[in-house]
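Number of protein chains: 4
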Amino acid sequence: MSYNLLMGKKGIIFGALDENSIAWKVAERAYEEKASFILTNTPASLRMGKIYDLSKKTKSIVIPADATSISDIEILFDKALIFFGGKIDFILHSIAMSINIRKKLEYPCINYDFLKKGWDISAVSFHKIMKIAWDKKAINKWGSIVALTYIASKRNFPSYVDMSDYKSYLESIARNFGYFWGIKEKVRVNTVSLSPIYTKAAASISGFKDFLYLSNKLSPLGNASSQDCADYIITLFSDLTRKVTMQNLYNDGGFSKIGINECLISLKD
Amino acid sequence: MSYNLLMGKKGIIFGALDENSIAWKVAERAYEEKASFILTNTPASLRMGKIYDLSKKTKSIVIPADATSISDIEILFDKALIFFGGKIDFILHSIAMSINIRKKLEYPCINYDFLKKGWDISAVSFHKIMKIAWDKKAINKWGSIVALTYIASKRNFPSYVDMSDYKSYLESIARNFGYFWGIKEKVRVNTVSLSPIYTKAAASISGFKDFLYLSNKLSPLGNASSQDCADYIITLFSDLTRKVTMQNLYNDGGFSKIGINECLISLKD
Amino acid sequence: MSYNLLMGKKGIIFGALDENSIAWKVAERAYEEKASFILTNTPASLRMGKIYDLSKKTKSIVIPADATSISDIEILFDKALIFFGGKIDFILHSIAMSINIRKKLEYPCINYDFLKKGWDISAVSFHKIMKIAWDKKAINKWGSIVALTYIASKRNFPSYVDMSDYKSYLESIARNFGYFWGIKEKVRVNTVSLSPIYTKAAASISGFKDFLYLSNKLSPLGNASSQDCADYIITLFSDLTRKVTMQNLYNDGGFSKIGINECLISLKD
Amino acid sequence: MSYNLLMGKKGIIFGALDENSIAWKVAERAYEEKASFILTNTPASLRMGKIYDLSKKTKSIVIPADATSISDIEILFDKALIFFGGKIDFILHSIAMSINIRKKLEYPCINYDFLKKGWDISAVSFHKIMKIAWDKKAINKWGSIVALTYIASKRNFPSYVDMSDYKSYLESIARNFGYFWGIKEKVRVNTVSLSPIYTKAAASISGFKDFLYLSNKLSPLGNASSQDCADYIITLFSDLTRKVTMQNLYNDGGFSKIGINECLISLKD
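Chains as they are written, first to last, in the numbering used here: chain A, 11 to 279; chain B, 11 to 279; chain C, 11 to 279; chain D, 11 to 279.
If you are wondering where the hints come from, they were derived from the structure by calculation, not from laboratory data. Where a beta carbon is used, it is the ideal one built from N, C-alpha and C, also for glycine. Be aware that a few hints might be false.
[Said to hold, decoys possible] Taking lysine-lysine pairs in the DSSO-like style, the calculated list, with each CA pair at most 27 angstroms apart, reads:
1. A:K219 / D:K194
2. A:K210 / A:K113
3. A:K126 / D:K141
4. A:K194 / B:K219
5. A:K194 / B:K227
6. C:K44 / C:K146
7. C:K126 / B:K146
8. A:K196 / D:K114
9. C:K126 / B:K113
10. B:K69 / B:K97
11. C:K141 / B:K114
12. D:K196 / A:K114
13. C:K127 / B:K127
14. B:K89 / B:K196
15. D:K194 / C:K278
16. D:K126 / A:K141
17. D:K127 / A:K126
18. B:K113 / C:K141
19. C:K196 / D:K278
[Said to hold, decoys possible] Quick look at which bits of chain B chain C covers, simulated, 3 or more residues with Cβ under 8 angstroms:
20. 119-128
21. 166-175
22. 179-193
[Claimed, not checked] Negatives, chain A to chain C, calculated, CB over 12 angstroms:
23. M17
24. P53
25. K60
26. I71
27. D88
28. N121
29. D123
30. D145
31. S235
All chains should be modelled from the sequences, with the hints used to inform the complete structure.
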């Protein structure tokens, strides 16, 4: 199904790895909606994953870039501006990694070197990408920038460990950079707060399957799938949401607004 | 411009009066996106306004109904189910009225009879509409219900007087009824929090033009117009936002996320 | 234990019924902290409850008043001003009632006559009390007004039915009246959002004991008791919190900030 | 004036520099309320500031520690446990520094080495302090940990530059560590969000005086002073707020809840 919502729009999608990636689904849906885009991920991810299958399928090109490296991002944007012969319209940031989670360290016992790395990859990379795009004036008026987040930024989910704090930081970046993009370039910046999704990154979270099950059971509409997520992000890249900016938007089946209900009480019995 | 986003969808739009009404723009955009719908408003509003011009333009029918009257709403839904030969997919609630505002009463001095009336019209009507739709099982799976609100529900805007409290109540209804719609019928319920818009209702607010000017100046992307608002609501009625529910969504040019900035400081000089 | 935190302060406490009432504990603690106050409740509640035991214990007087009746509240404030020989310093609003809950009606099936009554008692009464106090200039500079609320105002708790919406409205009143009290009289207005507490009113909520159990289990510090609640409210009446206003303050053992954790996951097994 | 609210309580206060520091006022008030405590700051700050005047005045000792250094914090807690002959009851974190602000760099142009340093000092230090306290089991049951923050964590204040993001991160740490402290040790963790205050750190923010003026004018009760702030923090260290945890609490004269009002409109004229 296609509505041609992104006809003529060009973008960069960060973070597609394999068909479970949210960025992968966004790329597929953006392609269906007639967008052109560049796929990017770290060289290591490009080797591990199947991104070239995606690029073939979506007639897009792949440019490797480590999103924590200023020079990599600069090269990426330079190439993008040349490739498209002009500015782009949208960016998806779907990048998150916590070594502390992988190493099964609990929140009070995290390692601070891992923390610095995880923060740089999961949060600061979003600032770096926008800074380079800003310096190069790479985004068209009424463009749209989206980063993915999770409600652990607002409430405690112990299994998200330090990722919770990165997501708070990421959402803060969206608000703060969003102000400047808004006043100077009429570009909007938002974060989308998703249901948990079983991606490669999520697989490293201990007890993730229980987590997924509970989240689904407690969400009045069930978990939003990566497909649901992609559909929603398409609307944020389209021209129909031009005045929505600096927001954190829940696409979570209602999970964020539930309290104690029969479903929760029934768990107890 | 049309994406056929609402192809095959049927709905009821409450609250169109004249071409400045937000509901009016939503109707125009919904028509462009290929929806069929019924327009409704109170008999008095139908006489005062130009709704029949809109119904002609959008090939829709008009059914008068006072949204505070259970029997009126029942008749409306009965007729809608017959007219469409089945259930509907979307509802827009764009109804708000405060006699206290019209009478220029300040918040500490409101009249409680006016309050009861304003609350019933502006907030309880939303519950009543959903209750009748619920009882009659009138909404298709994955349907979408939207009510319009303003940030005065969260912060103090003295010129909104008692309307601020109605909007808090309205947003609460969306969350609470949204839970039941979600678990039983897979229907979503959201409120959209808009920039101020110069409608007939707004005209009764004292100092509204200054208000509009300041809001526009302080919003990084400027105020969202009723056109912007209509575009956004189309995405919420479409199949692309199926898992978004029980949310209060700002379409406000970023106003809700600003603090003290140069623009505010410059006012001072 | 006493810190003399309210030495010389005078107030009115609405809503004490029996020793399970939160207002009862607040009165006891306020007395220990050296406040003088008037106890008030409806004539019917005065008959049913044990308020005269409390008044004896706390050397306070009882003045009957229906908090939905403007004339009752006027008489109450007139008497208070005479009794104290001057203005008062604090007010506690601990009033809530839902006939829909008592009648075991679910949220989508509420009765609108009951709704009007419940809204008037549980929410509008707070406005009425402040309006009369405002008109009579009955509150000293740096006075403090507190109303009690519950997190059902922000998220869905189906068993709170229409009380959820009243609490949203109540919190909105606090913000909006708080602005006027602040600028004109240097008086602060806040709501305190509590853990569930097994009061007479709570007893009418279906499944309240399960609810209480779960809330306690999920709150990192356990539920706040009515004693904890009273202690907290004392700080809000004291001179140590003079610049805290228009806030909704959680005294809930951390419940409002939890997501999915081991305790929740363990329920599932 | 003293209520003996902290009689018998022991703590550590981070961040007092001179008599404009918020931590300085907290120390003075804690002393009046009969607490014993250790003052700490970096060796450089100890040289620059007047902390020994404060220690004399409050009969406290000074232990130098760089709050980004694990070994410094370990030594500090070891000494504290010996000095007090047992666990402590409260911690104040009042530490914030942004080189990007000092260097007058705007948000889109920040330097990432400065960022790493600022983040470590202003936010991660709070995690480090709690981690060492956690490992050493240094805090008594029902202890209280407070960090200071600003509303720039939630909305955009361009002059706060990267400090805004640090404060978001800091508040997130409070929530996440607060969960563990709660379930294991019955200790609470909160952040207090203050009015702007003219401290040494604030002096480096460009246009801070205009900022202070506007904030004061727009806050219904005016800005909270450092004295107001200290009073409030005393209540959070006392036994009267035992069930308040994982919260971000505004002590800001109502600033956080204002929208567009006459005062704002009058600026325009």
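We went through each hint and held it up to the structure:
Among the hinted pairs, K219 (chain A) with K194 (chain D) is consistent with the structure: their alpha-carbon atoms are about 25 angstroms apart, no more than 27 angstroms. For the proposed pair K210 (chain A) and K113 (chain A), the alpha carbon gap of about 15 angstroms is at most 27 angstroms, so the pair holds. Between K126 (chain A) and K141 (chain D), the direct Cα distance comes to roughly 16 angstroms. Compliance with the 27 angstroms bound is thereby established for this hinted pair. Straight-line distance between C-alpha atoms of K194 (chain A) and K219 (chain B) comes to about 25 angstroms, which keeps the hinted pair within the 27 angstroms bound.
Between the alpha carbons of K194 (chain A) and K227 (chain B) the distance comes to roughly 13 angstroms, so the proposed pair stays at or under 27 angstroms and holds. Between K44 (chain C) and K146 (chain C), the direct Cα distance comes to roughly 25 angstroms. Compliance with the 27 angstroms bound is thereby established for this hinted pair. Proximity of K126 (chain C) to K146 (chain B) is assessed by CA-CA distance (about 24 angstroms); at most 27 angstroms being required, the pair is judged to hold. Simply put, K196 (chain A) and K114 (chain D) have alpha-carbon atoms about 24 angstroms apart, close enough for the 27 angstroms limit, and the pair holds.
Taken as a hint, the K126 (chain C) and K113 (chain B) pair is honoured in the structure, with Cα atoms around 23 angstroms apart against an allowance of 27 angstroms. The straight-line distance between the Cα atoms of K69 (chain B) and K97 (chain B) is roughly 19 angstroms, inside the 27 angstroms bound, and the hint therefore holds. Simply put, K141 (chain C) and K114 (chain B) have alpha-carbon atoms about 17 angstroms apart, close enough for the 27 angstroms limit, and the pair holds. For the hint pairing K196 (chain D) with K114 (chain A), the CA-to-CA distance comes to about 24 angstroms; that is within 27 angstroms, so the pair holds.
Straight-line distance between C-alpha atoms of K127 (chain C) and K127 (chain B) comes to about 14 angstroms, which keeps the hinted pair within the 27 angstroms bound. Taking the CA atoms of K89 (chain B) and K196 (chain B), the gap is about 23 angstroms. The hint holds against a cut of 27 angstroms. With a CA separation close to 22 angstroms, the supplied pair K194 (chain D) and K278 (chain C) stays within the 27 angstroms bound. Restraint check: the Cα-Cα separation between K126 (chain D) and K141 (chain A) comes to about 16 angstroms, which is no more than 27 angstroms; the hinted pair holds.
Of the pairs offered as hints, the one joining K127 (chain D) and K126 (chain A) holds, with about 11 angstroms between alpha carbons and a cut-off of 27 angstroms not exceeded. Simply put, K113 (chain B) and K141 (chain C) have alpha-carbon atoms about 18 angstroms apart, close enough for the 27 angstroms limit, and the pair holds. Pair hint K196 (chain C) plus K278 (chain D) holds up; C-alpha atoms about 25 angstroms apart against a cutoff of 27 angstroms. With a threshold of 8 angstroms between beta carbons, the proposed coverage of the stretch 119-128 of chain B by chain C holds, since 5 of its residues qualify and at least three are required.
Counting residues of the stretch 166-175 of chain B whose C-beta sits closer than 8 angstroms to any C-beta of chain C gives 4, which meets the bar of three, so the coverage hint holds. With 10 residues having a beta carbon nearer than 8 angstroms to a beta carbon of chain C, the stretch 179-193 of chain B meets the requirement of three or more and the stated coverage holds. With 12 angstroms as the threshold on Cβ separation, the claim that M17 (chain A) sits away from chain C holds: the shortest Cβ distance comes to roughly 39 angstroms. No beta-carbon of chain C comes within 12 angstroms of the beta-carbon of P53 (chain A); the shortest separation is about 35 angstroms.
With a closest Cβ-Cβ approach of about 31 angstroms to chain C, K60 (chain A) is found to remain outside the 12 angstroms limit, as its non-interface label requires. No beta-carbon of chain C is positioned within 12 angstroms of the beta-carbon of I71 (chain A); the least distance is around 39 angstroms. In this structure D88 (chain A) is separated from chain C by more than 12 angstroms, as the shortest Cβ-Cβ distance comes to about 41 angstroms. In this structure N121 (chain A) is separated from chain C by more than 12 angstroms, as the shortest Cβ-Cβ distance comes to about 22 angstroms.
Separation of D123 (chain A) from chain C is adequate, the least Cβ-Cβ distance of about 27 angstroms exceeding the 12 angstroms criterion. The non-interface label for D145 (chain A) is consistent with chain C: the shortest C-beta to C-beta separation is roughly 37 angstroms, beyond 12 angstroms. In this structure S235 (chain A) is separated from chain C by more than 12 angstroms, as the shortest Cβ-Cβ distance comes to about 18 angstroms.
Going through the hint list in order, the structure satisfies each hint without exception.
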